[in-house]
Amino acid sequence: MHRIRRLLAVVPLAVLVLLISGGTAWAAPGDPPVTLPWGNRQWIWFIAQLHLDLAAFILGAPIFIVISEIIGWWKQDTRFERLAREMTRVTVMAYSLTALFGGFFIFLLIGMYPKVTSFVVELYFPIWMMLYPVGFIIETVLIYTYNYTWDRWQGARKVWHIVTGVLLNIVGTLIMFGQNAIASFMLTPIQDYQNASLWELINNPTWWPLNIHRFIANITFGGFICGMVAAIMFLLAKRDEERAFYDWMGFIGNFIGLFSFAMLALPGYIFGKEIYAYDASLGIYMMSDRLSMYFEMQGILIGTSYLIGAYYIWTSMRRITKSERFAPFMKVGFGLILLANAIWITPRHWFATMNPPATVENPDLFIRLRELPAHLGFLALMPAKNTAAFASILVVFIAYVFYFVSIRRGEMTWGKINPTSQFALIYLAFAAIWTMGLMGAVRELARKYYHIYLVMPDLTNEAYTPTLGFASLMITLITLVFFALIGLSIWLGLRTHVAEPEAQDVSIPATGGSHA
Amino acid sequence: MLKSFFIALVVASAVFLITNFIGFPVIFSWVFVGFVFIGWLFLLLLDARPMAMPGRPLLSIVIFFLLASSVLFLIGNFVPQYDPREEIAKVKRLQSNFVKKELAAQQEALQAEMEAAGMQVAAAQPITTTEEATAAAPQAPSPELIAAGETVYNDFECYNCHKIGGKGGVKRRGPALDNVGGVLSADLVREKILDPTVFIAEGFEREYDKGVMPDTYSVQMAPDSVDALVAYLMSLQDSSVETPRPLDPDTGEPLQVQVAEAAPPAGAAEEAPAAAPEIGTEHMPEGWWTDPEIIAKGKEVYEGVANPEVNCSACHGRDGKPVLTGAADFRDPELVAGLSDTEWFNKVANGVPDTPMTAWGEKLTVEQIWQVIAYQNTFHTGGKPEVHQNP
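Here the protein sequences come in this chain order: A and B.
The numbers in my numbering rise by one with no breaks, and the one at position 252 of the first sequence is 1249.
The numbers in my numbering rise by one with no breaks, and the one at position 371 of the second sequence is 374.
You may find that some hints are simply not true.
[Unchecked claim] In the DSS-like style, the derived pairs of lysine-lysine whose C-alpha atoms are separated by at most 27 Å in a straight line are: (1) A:Lys-1270 - B:Lys-6; (2) B:Lys-170 - B:Lys-95; (3) A:Lys-1112 - B:Lys-103; (4) A:Lys-1270 - B:Lys-324; (5) B:Lys-166 - B:Lys-195; (6) B:Lys-6 - A:Lys-1328; (7) B:Lys-350 - B:Lys-366; (8) B:Lys-324 - B:Lys-387; (9) B:Lys-324 - B:Lys-350; (10) B:Lys-103 - B:Lys-170; (11) A:Lys-1328 - A:Lys-1270; (12) B:Lys-213 - A:Lys-1270; (13) B:Lys-324 - B:Lys-366; (14) A:Lys-1235 - A:Lys-1413; (15) B:Lys-195 - B:Lys-213; (16) A:Lys-1112 - B:Lys-6; (17) A:Lys-1270 - B:Lys-366.
Note that these hints are calculated values from the structure, not bench results.
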């Protein structure tokens, strides 16, 4: 087992060497030298999104790992120390996989889309060909140092370990910001890009919105994945002490996930607003035309996430004595979330294009049967959606208030929780990764038939916007493979460690009300 | 459970009736009813007894993943979809538009380089399809051109912000275009498409200041797409719908617009072809040699105004004095009178082999060829229209 872990540890560097040698060989522009079965776009979509999902995890998880470590060190609470330790083990495994898929992604990009790759490399050479690999090397050194010095850098050296963790986060964030520059440029390139400085290329209209949105989303994602890891370990645990710890860990992961999830709405809104400001036709294409049903799906996913998140708090409260008095209020809250969901997913019209399809014989009747009348049209506009989102956030917030009030007055036992709560945690992680896949697709497809909007068109046969049905298939497959890989990381990182001494040393008392 | 189900049924019925009453289409009402039943199921889950720890946790987790995947996949397929074939056809047209635009730009750049190097420049090979080019004349756009323009309008999603016939433009972003052909000239429409700052649509001052109209169509649209779009927009002359006047961005005063005569609606040419005089390729139509209107139209063709892809003055000079070595000098009476009208028609329509003179027959209508010949005939007379001396 240790051999497998060591093998995975050298993977990122091996990928870098391959990238440099292989990349040079394929970098010459020209027609795509390969056309893979099932379509080039599907391949690049699958691998790129998988890489992004893993990257989001390895960037998001260390943020709250370090925060947990600091809290544990500050309060001398071994639970936080153990949470951070265990999540680090999973993250290190996922890190290697991220590197592998990142390498695969770039190989495919160079092989299948050499022109656009060369074009981007030429513009962003210092970012993509210098900062990215150098940052990657530094991050590799830091993450393995952070993981392998955990036991050695305790006591007086603990501060160095924490500093390493903080540096790890800074470097990871910088790498992400660098890559965000390219991703945002492809959607909103500056007009005079030929004569622009590197900073002007980086600081394009959607770079900062994307940075902020992804930064917070990564924390959300890391929190939900932490909750899911805890849930899986809870369900697989054989001893009450283990269940007590993983129950607590799931609660913390979910708390961080939901808290940052609530903050995600505003940056997402700003991101969308910037896209509208850049070119309203892009925003309309997303919200009212070909991608409008993608946003229906987003509404369903986010709505159910709030609902299931609140359900998890409900199950958490059910194990606390004297919490029954809040139950009726909580039920009203669930009703409110459902109402907010219903408003959120109410579209302007129930068809997937701006205007009725050309094949419709009676467009007026078609519209009358499927479109909101003028006096109800406000339900499809952003003020209504924002109100619905705010209502859901408020209900979850109040649910947590009920929870913390209950825990001050009642008694609870960690590990004694309805197992359905653990499936709620798993769903939240599942919905988060599905949403990431969905919104990643939206960001890419919003460029319509351009590789780089208005700069480089996509002249391949696959330049059209696929239906949501097809996208759902892609996203579902990606999500399942992602969870299979995370499952592998959990198995390698945690299940093979259960017999090690620290696992027992940091177990927590099964009863108590303290959280942090 | 049965009791709660009946309560849910009553609530769902009430929701259905109320939402219908206040004007929701029935499909929305059904969705709201669905929410009621989801709420009912959720309440059952809240009050359910805690489940036992699963005996096979790993299997339970895997089954849960597969179940969640299936549900999301089904929802993704259940919501309305569009026909991908329509989308593919649209993207093909847009790709073709882009390729033509790129080739035209490359050709122009190459031509400029050759001219700068003092090399003889071959007449540009226009890059448009026969069907698209035959109807480039702005004065009488063909039904095909107008239809092509409507496709351009849809492909470039102008309907996102504008309404025609009450359709399009969910939010108030741009004016209705039903009578755009009645209040604007073709030139102004073209300028507005390529540069949205050229004028303000009255009543849309706020949108103008915010730069709502994308300024990217000059980058995105090939010239022939712009021609077609202009032809389509100019065909919209429904005066029952108010289309705002253009205002000067500097003064805010209405612009003086010379509105074109009402263009025939799409299909009108087919409906009334017999009314037009028959124009053949043998001889100049009666009276056209000296008709000022025909000569004016010929000037537009000659100078590339009527069709930017055909510009005789690029080689023969704006005043008939050639700017390209070897090009015919239209100021020379002997040369002009040395050929009959039929011979001139053939030269323009079919080109001159082994010379840069290209066959313009695919780019110009028969009428346009006669118009340009009538105009060409004025250079050797100092601009005074005369009947051709070699009819």
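Just to be careful, I want the Cα atoms of B:Lys-195 and B:Lys-213 compared with a cutoff of 27 Å; is the pair within it? 16 Å, holds
Would you mind confirming whether the straight-line C-alpha gap from A:Lys-1270 to B:Lys-6 stays at or under 27 Å? It is violated: about 47 Å lies between the C-alpha atoms, which goes past 27 Å.
Straight-line Cα separation of B:Lys-350 and B:Lys-366 no greater than 27 Å? Measuring from Cα to Cα gives roughly 14 Å; hence the hint holds.
For a C-alpha distance cap of 27 Å, please report whether A:Lys-1270 and B:Lys-366 respect it. Status violated; Cα separation ~44 Å.
For a C-alpha distance cap of 27 Å, please report whether A:Lys-1112 and B:Lys-6 respect it. Cα-Cα ~65 Å, so violated.
Compare the distance between the alpha carbons of B:Lys-166 and B:Lys-195 with 27 Å, and conclude whether the hinted pair is satisfied. 17 Å, holds
Can the restraint linking B:Lys-170 and B:Lys-95 be considered satisfied, given a maximum Cα separation of 27 Å? With a Cα-Cα distance of about 25 Å, the restraint between B:Lys-170 and B:Lys-95 holds, given a limit of 27 Å.
For the pair we were handed, A:Lys-1270 and B:Lys-324, check the Cα-Cα distance against 27 Å. Violated, at about 56 Å.
Compare the distance between the alpha carbons of A:Lys-1112 and B:Lys-103 with 27 Å, and conclude whether the hinted pair is satisfied. 19 Å, holds
When you check the alpha-carbon spacing of B:Lys-324 and B:Lys-366, does it fall within 27 Å? Holds: B:Lys-324 and B:Lys-366 sit about 23 Å apart, inside 27 Å.
A:Lys-1328 and A:Lys-1270 were given as a pair; does the straight-line alpha-carbon distance stay at or below 27 Å? 35 Å, violated
Are B:Lys-324 and B:Lys-350 close enough, with their CA atoms no more than 27 Å apart? Given that 27 Å is the threshold and the Cα spacing comes to 18 Å, the pair holds.
The structure fails hints 1, 4, 10, 11, 16 and 17 (numbered hints given earlier, in ascending order).
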